[in-house]
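> Chains Y and C supply the protein sequences, listed in that same order. For the first sequence, the tail end lands on 1086 under the numbering used here, and the numbers increase by one without skipping. For the second sequence, the tail end lands on 201 under the numbering used here, and the numbers increase by one without skipping.
If you're looking for bench data, these hints aren't it; they were derived computationally from the structure. It cannot be assumed that every hint is accurate.
Computed spacing ranges between beta-carbons, pair by pair [said to hold, decoys possible]:
| # | chain 1 | residue 1 | chain 2 | residue 2 | range |
| --- | --- | --- | --- | --- | --- |
| 1 | Y | 1048 | C | 77 | 41 to 47 Å |
| 2 | C | 145 | Y | 1066 | 34 to 40 Å |
| 3 | Y | 1065 | C | 102 | 17 to 23 Å |
| 4 | Y | 1046 | C | 80 | 43 to 49 Å |
| 5 | C | 106 | Y | 1078 | 39 to 45 Å |
| 6 | Y | 1067 | C | 37 | 43 to 49 Å |
| 7 | C | 137 | Y | 1080 | 15 to 21 Å |
| 8 | Y | 1073 | C | 145 | 16 to 22 Å |
| 9 | Y | 1047 | C | 78 | 29 to 35 Å |
| 10 | C | 45 | Y | 1044 | 22 to 28 Å |
| 11 | C | 106 | Y | 1053 | 20 to 26 Å |
| 12 | C | 170 | Y | 1053 | 38 to 44 Å |
| 13 | Y | 1051 | C | 143 | 34 to 40 Å |
| 14 | C | 173 | Y | 1073 | 20 to 26 Å |
Using N, Cα and C, we set each Cβ at its ideal position, and we do this for glycine too.
Chain by chain, the residues run as shown.
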Amino acid sequence: MKDSNEAKAPMAEQAEDKKAERKMGPRRKQDDTLVRDLRELYSPVLEEPVPQEFLEILRRKRTVPSKT
Amino acid sequence: MSGSPEAAAEPLETLQAPQPRRHGEETQRKLLQELEQLIPRLRRYARSLTRDETRADDLVQDTLIRAIDKLHLFEPGTNLVAWLFTIMRNIHINALRSAKWEREQDPADLELPVPGLQLSNLALRDLARAMGALPDDQRETVLLVAVEGLAYQDAAEIMSVPIGTVRSRLSRARSRLRQLMYGEAEGERGDEG
């Protein structure tokens, strides 16, 4: 009994997803998928360590009294 | 005001040129901190513009130097990302115009919107190729709006185009990406915005 209840939960979620999908239309869903995938596609560069020379540029400015 | 006693008391150099607005030390410290946090996003945008990792980092470096030099012109409370992207784009365009950076690229890299990506996911690989097939202006618009999450108005200002152009570029880019990714015929357009 417990197993069948557990099995129902994902099915219910799936049904909700399909309902939402019908409501928003397949093209809208495609657009949402594209945006999600684009963000994933372009995210690796954000994880790369920042080169020291960039930090050095900022450090130099920090050590110079503000002229601005 | 040049004839006022206050003005007369000022050193000569302050009277000769309009003085930039001064940020306090605390404001400047915060701006530099924000600037540092935005470096990864600057690198991402630079790679999209140049499609070359080395040139992208040169562009980021030039942008940081220019931004720091012009930091007094930034108005706190406005969009720092948009301001930095505008600087970066201007430097990039000037470099292209002066032929400082010739577009000699590996054809394989031209397929990818971000060079050097290691894509194990097939869908993402297809998407990378699809993005690489978009015209530069459309790809840039998609990046600014869909990836960077900038408002249409900010994207328009960065690219120096009317907001309607941002909308139409996005619409065409979406249509093309759907076509390339899902095989949708180019003429099938229903909900373009």
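> For every hint, state whether the structure bears it out.
Status of the hints after comparison with the structure:
Hint check: residue 1048 of chain Y to residue 77 of chain C, Cβ distance near 44 Å, so the stated range 41 to 47 Å holds. Between residue 145 of chain C and residue 1066 of chain Y the C-beta distance comes to about 26 Å, which lies outside the given range of 34 to 40 Å. Remark: the range hint 17 to 23 Å for residue 1065 of chain Y to residue 102 of chain C is contradicted by a beta-carbon distance near 30 Å. Evaluation of the 43 to 49 Å hint for residue 1046 of chain Y and residue 80 of chain C yields a pass: the beta carbon distance comes to about 44 Å.
Evaluation of the 39 to 45 Å hint for residue 106 of chain C and residue 1078 of chain Y yields a failure: the beta carbon distance comes to about 26 Å. Between residue 1067 of chain Y and residue 37 of chain C the C-beta distance comes to about 23 Å, which lies outside the given range of 43 to 49 Å. Between residue 137 of chain C and residue 1080 of chain Y the CB atoms are about 42 Å apart, so this pair departs from the stated range of 15 to 21 Å. Evaluation of the 16 to 22 Å hint for residue 1073 of chain Y and residue 145 of chain C yields a failure: the beta carbon distance comes to about 32 Å.
The beta-carbon spacing between residue 1047 of chain Y and residue 78 of chain C, approximately 43 Å, falls outside the hinted interval of 29 to 35 Å. Range check, residue 45 of chain C to residue 1044 of chain Y: Cβ separation about 38 Å, and the 22 to 28 Å hint is violated. At roughly 35 Å, the beta-carbon separation of residue 106 of chain C and residue 1053 of chain Y lies outside the given 20 to 26 Å, and the hint is violated. Look at residue 170 of chain C against residue 1053 of chain Y: about 23 Å separates their beta carbons, and that is not inside 38 to 44 Å.
For the pair residue 1051 of chain Y and residue 143 of chain C, the supplied restraint of 34 to 40 Å is violated, since their beta-carbon distance comes to about 22 Å. In this structure, residue 173 of chain C and residue 1073 of chain Y break the distance hint of 20 to 26 Å, their C-beta atoms being roughly 36 Å apart.
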